[in-house]
Amino acid sequence: MAEKTLVEAVNDALHTEMERDGWIMVMGEDVGRSGGVFRATAGLRDRFGPDRCVDTPLAEAGILGTAVGLAMAGWRPVCEMQYESFSYPCLDQLITHVGRYRWRTGGAMEFPITVRMPTGGGVRAPELHEDSPEAYYVHTPGVKVAIPSTPADAKGLLAAAIRDPDPVVVLEPKVLYRSPRGEVPAGEHVVPLGKARVAREGTDVTLLAYGAMVRTCLAAAEALEASAEVVDVRTLKPLDEETILASVAKTGRVVVVQEAPRVAGFGAELAAVIAEKAILDLQGPVLRVTGYDVPFPYWTIEHEYVPTPERVAEAARRVLAY
Amino acid sequence: MAEKTLVEAVNDALHTEMERDGWIMVMGEDVGRSGGVFRATAGLRDRFGPDRCVDTPLAEAGILGTAVGLAMAGWRPVCEMQYESFSYPCLDQLITHVGRYRWRTGGAMEFPITVRMPTGGGVRAPELHEDSPEAYYVHTPGVKVAIPSTPADAKGLLAAAIRDPDPVVVLEPKVLYRSPRGEVPAGEHVVPLGKARVAREGTDVTLLAYGAMVRTCLAAAEALEASAEVVDVRTLKPLDEETILASVAKTGRVVVVQEAPRVAGFGAELAAVIAEKAILDLQGPVLRVTGYDVPFPYWTIEHEYVPTPERVAEAARRVLAY
Amino acid sequence: MAAQVLPAEHGVRRVIGDGEGTPDGEVEGLDESALLELYRDLVLLRTYDERSVVYHRQGRIGTYAIFWGHEAIQAGSTFALADEDWIFPSYRESAIGLLRGMPPEVVLAWWRGHPAGWWDPREFRVASIAVPIATHVPHAAGYAWGARLKGESACAIAYFGDGATSEGAFHEGANFAAVMRAPVVLLCNNNQWAISTPLSAQTRAETLADKAVGYGMPGVRVDGGDVLAVYEATAEALARARSGAGPTFVEALTYRCAPHATADDPSAYWDPGRVEDERKNECVGRYERYLRRLGVLTDEIVEEARGAALARMKDGIAAAEAMPPPDPDVVFAHAYADPPPAVREG
Amino acid sequence: MAAQVLPAEHGVRRVIGDGEGTPDGEVEGLDESALLELYRDLVLLRTYDERSVVYHRQGRIGTYAIFWGHEAIQAGSTFALADEDWIFPSYRESAIGLLRGMPPEVVLAWWRGHPAGWWDPREFRVASIAVPIATHVPHAAGYAWGARLKGESACAIAYFGDGATSEGAFHEGANFAAVMRAPVVLLCNNNQWAISTPLSAQTRAETLADKAVGYGMPGVRVDGGDVLAVYEATAEALARARSGAGPTFVEALTYRCAPHATADDPSAYWDPGRVEDERKNECVGRYERYLRRLGVLTDEIVEEARGAALARMKDGIAAAEAMPPPDPDVVFAHAYADPPPAVREG
Ligand SMILES: Cc1ncc(C[n+]2csc(CCOP(=O)(O)OP(=O)(O)O)c2C)c(N)n1
Ligand SMILES: Cc1ncc(C[n+]2csc(CCOP(=O)(O)OP(=O)(O)O)c2C)c(N)n1
Ligand SMILES: [Mg+2]
Ligand SMILES: [Mg+2]
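Here the protein sequences come in this chain order: A, B, C and D.
For the first sequence, the working numbering begins at 337 and goes up steadily by one.
For the second sequence, the working numbering begins at 337 and goes up steadily by one.
For the third sequence, the working numbering begins at 1377 and goes up steadily by one.
For the fourth sequence, the working numbering begins at 1377 and goes up steadily by one.
For the record, the hints were derived by calculation from the structure and aren't laboratory data.
Just so we're clear, the structure is a prediction, and the values are computed from it rather than from any experiment.
Keep in mind that a hint or two might mislead.
DSS-like mimics (lysine-lysine), calculated; alpha carbons at most 27 angstroms apart, straight line [as the list claims (entries may be wrong)]:
#1 B:K613 - B:K586
#2 A:K531 - A:K613
#3 B:K586 - A:K586
#4 A:K613 - B:K586
#5 A:K586 - A:K531
#6 A:K586 - A:K613
#7 A:K613 - B:K613
#8 B:K586 - B:K531
#9 B:K531 - B:K613
Turn these sequences into a full structure, and let the hints steer you where they fit.
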């Protein structure tokens, strides 16, 4: 296995899948000639030609809207949104069509559309380059959502998303794009959707996270005197409740960590599932460590916003004190 | 006090507030000449003229986007989205600008923009006329959200929203637009944002809901042998945690009811708040009764989707059995 | 300062005369039987629409978007399509599938809020009815672009209204279509109203065809009440598309002589006198008179066409009403090919 | 089929000659001191941009969107504005506030990711920097519309790029502006690139000024490297706006001779030869040579202007670097005038 960065793993997945299936098309802003602002699509245009790796006009709703039509014509579009915040213009197509069209045809037609985008903060960028919009996507019926936290999962989950018969949004933590490196299986590699990953075994408290926050939780776990289990949700929908509830049953204590603004974020869904299905296991409150209900701050103070290992550990200690 | 329908109360609020403040402008599709597809803006164009009750071009992002500029010029825009599902094109302006622009000016400028729209199902309409999108709005920093369940609150919350210095989204349950009627105070009437309402006192179980689901919960409460308290959240942000937690402290049992699709809906936030702050009060799981993670169905089977008093009562009995 | 300049075809193209000063024209390649087939299409749509308004009053269907007076736009353009070409309709063209052999009960079921209103777009090459304004324009552009990439000759046609041209989705779809040289016809039904909003409040452009200039595509104006003019303009646009030259914007000028939908009361905003005049000039009668002047249409054919259409509708509504209530389980069907385990939790 | 027709001003307007075949023109109402003031504006912007690239290399500011070669568009158009007129800049015009007296340290703080980069738009009549493409166009339209409703004479100008014209937000904003007769200038910086995407992949329109036709507003093309042509076209558009005639679309044609931003490596996609040629013709030098031919500019003035600009930048970066790190509490400030109690919970 080769050591790759997360963005190299994404690039690997795109090459491997496009090699495998001639109907896969990559489209987006600057994905072709320049290979993408993060180089995630580098080499695809040369390898597969400008018709299968398309530099589109600057219009996100147009990208996703034409992808719906392309899917109807038999293509498997993989749309890149250049930054998560610039995916907001395509929310309308996503909610009104991408998540509904199969249903609208009584299941007769499939819309195997993948929408991939960088997500999250920690990269010291200007405004609207560090949002965490996963909750908008997860709440949308007909749409699946995955967020890798390792290079191997970035390749495997993207491959699974591209192969999935349903629309899937894949959010790639941009703070992890270039480091750390990790082992990535060569050739075809699929990590099935709907399976969480126990990133660290523990017995006293469960730290529940996804994306870049998994790393934060692993650091918090190291800092804790107690034995912390870290569960990487990996797929937000479909959700692997089994793995999550098993961990909570074991530890009886849980801290949910999300970078996005707290209110009605996906962490609330995780907490709600636990409050409904593991209430008898709980030995303390379900705590959340999250971003705040304010815009992601200017980057000189972004560390005050993004959950830190210290904040996670502190919450874990609070729940352990119960 | 006069008996009014909910939509008449909305119309009353708009007349009263526009009378009071000459800077208030109503804008949207068909709000002027026809008085709105639900007649919520009837009479405003005649009374205040076509410059203060504007029939806009058919472009929701344009409506909200120009409202931002109008606010910068000193106006207080009240934007109507004709149906909740047709507000999706304006999510981009809402997330990237409406909720962020005050912050972006370091608090120097205010954006007192109100966005009002009908919401929810039960009206036997074609596709995309019966969605419940509140979670998209509540999750957006810088934006407040209110949902009335009575004519009086429809008037008072809308007035509060219009007067609020921050952007507020007001979702009006369209199934309640024309019935039942209710007492509505004449003249200026403001229901402060951030205050929940105990719609029914009870001691054994708390039914937590907002909008049209309050009526559903009241019916369920009637059907229950136990004593159910019904809390009408009224404002989703700012959330009145005090009233909610007081009720849970009293009953120890809670059922959260929401019409929107379950996954990452606002009900999850309510459950998470309770799981975090009332864990020691809970005598059973926090149950949710919600719509499903599928598109709102064709109206011949919408009753299979929208939570019913029976489903709520059944959940209440389950938690009461703990 | 630049004087505003307009596209070439500012005149509104017509084929059908008025039986007086303006002479009748002819359309190449349409023989007598074709002219009559087109007539039957018109009558079928007119009958569908008039019956639906009655069915609504009788409570047999729900709210319904009336297309009375729009039949020439729909029938004329569809008649120009090849069988393989895809139609992307709005709610205003809800019954356009009938011209592709779709049983009326399917469309009636849609308006009855019954899942039997679902169909497989591939069966009729008719996409699902687009309820949100303009968001299907990119779909049509994408489909046509995708077909071109596959080396197929199939084109697409998207139907939308005058109000739809104000939406960003129209703009992005039209621009993608032009840039990707997508073989698609953008057919704008300019009935001069968006519910209660007049065209004058929708745009300052002198014509909607002017919108084409900004996309570098041709813009054509036709009389939307002239089924032959619509046919001809669409046929030309399709020929252009198949030749690889890309999309065309067709503005079909008409006037909405009926309420926006059964729920709408236009008395508050429209001018009854104008409506009266426009109704006198409605498209089915115009074509009938044309065919009679040509000596092609007889009372027998009229009777037969109306009878046949009426029979189809009678069978259609009967079939729709005979449908069993939908299986509640259909709520959970079809949203996902591979549903999340929690999909039934609520 | 409609031949595509184009707006009147397809020629690119120029005032400045080439010192050889093409003679120099003059602009009414600009006396010597005005011409030199405009020169100082250009030098200030050029100096800001060149210093910023250096500061970035030195790690003193973060990623930075270079506007080298765009100074004439920004200075020429801003020079035509009345003091009361509002500017709606994109990231490409991040330093345009300097022409309204904004201290450089404010803009530098913005690029340093420091909240001191916030300003009160009312203080300078400069809206916040728009990071998302085109979404500020409706803001400018709304502001101008609102000012007109108040009976004020203030206009607005929105700056955006060629790529921005593909966004629905541009379309909706332009249409609202036209329909509401908003006194706004839509100033399109056509530098022929959207990061790595060439204009040819953005639109099939022959010129971006053609987009104006579909909104029923005039479209003008000017040489974006000719500061006087940009001034003149903007002045005419503003006069038109103040007269109540509504918006104008101005296409300022230039060429991006620098990377999109400091993070961008254009070697993968651009043609160095073309860039070389374009750089020779860059806007500040062109204006300098013009002023010298006019006999208005002396070496002393050049020195003085550059010195003054450099001094402002030195003070600016010093002031920016002297700023204390932001109070962490600012994270919670300003999102709400009246914050929800839970705003600090995370
Ligand atoms: C995005 C969106 N906004 C609003 C509506 C509500 N609506 C339905 S029809 C209509 C008017 C459409 O007018 P036009 O485009 O001219 O088409 P017509 O109905 O005249 O055929 C509106 C505003 C909608 N369906 N979708
Ligand atoms: C809505 C949105 N999509 C994508 C981006 C990322 N992005 C930043 S600049 C840019 C290119 C803009 O090109 P153009 O409009 O021509 O302006 P220029 O940068 O050339 O001045 C892109 C795609 C963005 N900022 N906003
Ligand atoms: Mg219309
Ligand atoms: Mg550009």
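Hint check results:
1. B:K613 - B:K586: The given pair, whose Cα atoms are some 14 angstroms apart, holds under the 27 angstroms limit.
2. A:K531 - A:K613: holds, 18 angstroms
3. B:K586 - A:K586: violated, 30 angstroms
4. A:K613 - B:K586: holds, 22 angstroms
5. A:K586 - A:K531: At roughly 18 angstroms apart (the allowed maximum being 27 angstroms), A:K531 and A:K586 satisfy the hint.
6. A:K586 - A:K613: It holds: about 14 angstroms lies between the C-alpha atoms, which stays within 27 angstroms.
7. A:K613 - B:K613: Answer holds: A:K613 to B:K613 is near 18 angstroms, not above 27 angstroms.
8. B:K586 - B:K531: Holds, at about 18 angstroms.
9. B:K531 - B:K613: holds, 18 angstroms
Of the numbered hints listed earlier, the single one contradicted by the structure is hint 3.
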